[in-house]
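Number of protein chains: 2
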Amino acid sequence: MNRTVFFVSESTGITAETLGHSLLSQFDTVNFEQVYMPYINTELRAKALTQRMEEAADRDGARPIVFATMLNKEIGDILKGGNCFYVELFEFFVDPLAKELGVAPSLKSGQSHAITKPSYYTKRIEAINFAMANDDGIRPDNFHRADVVLTGVSRSGKTPTCLYLAMHYGLRSANYPITEEDFERGDVPQLLYDCKHKLFALIIDPQRLQLIREERRPGSSYASLKRCQDDIRQAQQIYKRLGVPVLNTTTQSIEEISSQIIRSLKENQESGLVSAMKVQ
Amino acid sequence: MNRTVFFVSESTGITAETLGHSLLSQFDTVNFEQVYMPYINTELRAKALTQRMEEAADRDGARPIVFATMLNKEIGDILKGGNCFYVELFEFFVDPLAKELGVAPSLKSGQSHAITKPSYYTKRIEAINFAMANDDGIRPDNFHRADVVLTGVSRSGKTPTCLYLAMHYGLRSANYPITEEDFERGDVPQLLYDCKHKLFALIIDPQRLQLIREERRPGSSYASLKRCQDDIRQAQQIYKRLGVPVLNTTTQSIEEISSQIIRSLKENQESGLVSAMKVQ
Numbered sequence: 001m002n003r004t005v006f007f008v009s010e011s012t013g014i015t016a017e018t019l020g021h022s023l024l025s026q027f028d029t030v031n032f033e034q035v036y037m038p039y040i041n042t043e044l045r046a047k048a049l050t051q052r053m054e055e056a057a058d059r060d061g062a063r064p065i066v067f068a069t070m071l072n073k074e075i076g077d078i079l080k081g082g083n084c085f086y087v088e089l090f091e092f093f094v095d096p097l098a099k100e101l102g103v104a105p106s107l108k109s110g111q112s113h114a115i116t117k118p119s120y121y122t123k124r125i126e127a128i129n130f131a132m133a134n135d136d137g138i139r140p141d142n143f144h145r146a147d148v149v150l151t152g153v154s155r156s157g158k159t160p161t162c163l164y165l166a167m168h169y170g171l172r173s174a175n176y177p178i179t180e181e182d183f184e185r186g187d188v189p190q191l192l193y194d195c196k197h198k199l200f201a202l203i204i205d206p207q208r209l210q211l212i213r214e215e216r217r218p219g220s221s222y223a224s225l226k227r228c229q230d231d232i233r234q235a236q237q238i239y240k241r242l243g244v245p246v247l248n249t250t251t252q253s254i255e256e257i258s259s260q261i262i263r264s265l266k267e268n269q270e271s272g273l274v275s276a277m278k279v280q
Numbered sequence: 001m002n003r004t005v006f007f008v009s010e011s012t013g014i015t016a017e018t019l020g021h022s023l024l025s026q027f028d029t030v031n032f033e034q035v036y037m038p039y040i041n042t043e044l045r046a047k048a049l050t051q052r053m054e055e056a057a058d059r060d061g062a063r064p065i066v067f068a069t070m071l072n073k074e075i076g077d078i079l080k081g082g083n084c085f086y087v088e089l090f091e092f093f094v095d096p097l098a099k100e101l102g103v104a105p106s107l108k109s110g111q112s113h114a115i116t117k118p119s120y121y122t123k124r125i126e127a128i129n130f131a132m133a134n135d136d137g138i139r140p141d142n143f144h145r146a147d148v149v150l151t152g153v154s155r156s157g158k159t160p161t162c163l164y165l166a167m168h169y170g171l172r173s174a175n176y177p178i179t180e181e182d183f184e185r186g187d188v189p190q191l192l193y194d195c196k197h198k199l200f201a202l203i204i205d206p207q208r209l210q211l212i213r214e215e216r217r218p219g220s221s222y223a224s225l226k227r228c229q230d231d232i233r234q235a236q237q238i239y240k241r242l243g244v245p246v247l248n249t250t251t252q253s254i255e256e257i258s259s260q261i262i263r264s265l266k267e268n269q270e271s272g273l274v275s276a277m278k279v280q
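Those protein sequences? They're chains A and B, same order as listed.
Per the UniProt record's numbering, the first sequence starts with residue 1, numbered consecutively.
Per the UniProt record's numbering, the second sequence starts with residue 1, numbered consecutively.
Just so you know, nobody snuck in bad clues.
Put simply, identical chains are the same to the list, so a pair is met inside one copy or across any two.
Below, in silico cross-link-like pairs of lysine to aspartate or glutamate (EDC-like), each with a Cα-Cα straight-line distance of 16 Å or less: (1) Lys196 - Asp147; (2) Lys99 - Asp28; (3) Lys196 - Asp141.
These are computed hints drawn from the structure, not numbers from a lab.
In isolation and in its complexed conformation, chain A is listed as follows:
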């Protein structure tokens, strides 16, 4: 079974895509053709989209699903009138919230992903720059300035996770690659022990690691299964000595790992280990 899904909004469409995608994930036996349609902010664009709905309905033999966050009623009504199963994601929530808060909604679109709080936005951008400048252990002397430090062997997922933490939570993220040198010494530098309260170790299945390294340096000893297995085994011994949380990047996405790191940092924060941290 194939069904086309449109994520539609007057602005970025990120909210429609996120909730819509979550809802679809409950129906994993259906094959969804997902189409992201941001900036449907004119009647002309809305009408063009109803045309695409017809094409999708013909192709799939069933009307498309539309996940929308439309605050403009005129444009929303055009979409709703199209040949689709229309789901307005704000519909059930805005009025009850207004009542609870005793405040009328602004009905302005595009507020959610706009720069409404410049200080928090600047913090996120600075965190991204910090992550770029402190990737791959370039500046271990900067670890004391980081909110979170990751460690792991080469290609275990440190960089994407650091970037996600910086981009979404405004966390100044750094990472330290465990290398041959650490294995020879049988330990990592004292600097890592000093930031144990904000340090997380990444692990990955050796088979998966081999595939990733093979892509990077085909046929190298660096990419051999034996070397990957050795690296992981020795890294695990070091993690044990460090006594830090170990997260598996084979089975978990950067979103899941980041959320677990946030949860763990919060727990440390509540026990007074790290300074206060909020979403924004």
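Given chain A, work out where chain B should sit, using these hints.
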């Protein structure tokens, strides 16, 4: 007025945070204290959260708002029973969708941000690696392999935007910094003209640019207002000659700029300029 808001989920909580945050943005006169609570996946954690609800209610003089995506009824009921205004974000949508699709929901939590489609997940991670390896014009000869290329003067927002496009849309993103050398020549290399169909230029207010550069190299001529104004003026002349879309990073977030880029690439795609692209 101050109100505490909890974003709660059995898994990452990203959906609850995204839709909850969108809804809150409609009430910009209220000061929300936003608390992100992922992995509330045991009754014990749920009970601890009801305790925090009481503390928030005492502090604010009004019960907290809870945005939740709880598929586990037992845990959800504990939260719902707490002193809060409880908003279950899946509630109104799962059953109507099940009826429309003729399929029962799996009721498995954490599917939305898990690695359910390894090929798409791998594509995203590879796009991040590509963005890292092709930042700051390191490899202009790689532009033909990129899905999107950004250009702009130093510190105009190229890197964070490239990383966002890679992380969220799996787009192989590269960027080219316009420098003194281009100004002296009065033009950019032919390579940029060759990728015009996927090229976007970034602009930023000179005052804002000065602040950012001043942070990076305090007191330098690079950070002077005069230099920033000159850079922007000369860049604009080059953009005009290139004839590519110009996006403003002073007023728009990386989310907004990325969505506009996606929309524009889609339009080029529909007109046959670039190859097919979907959300996933």
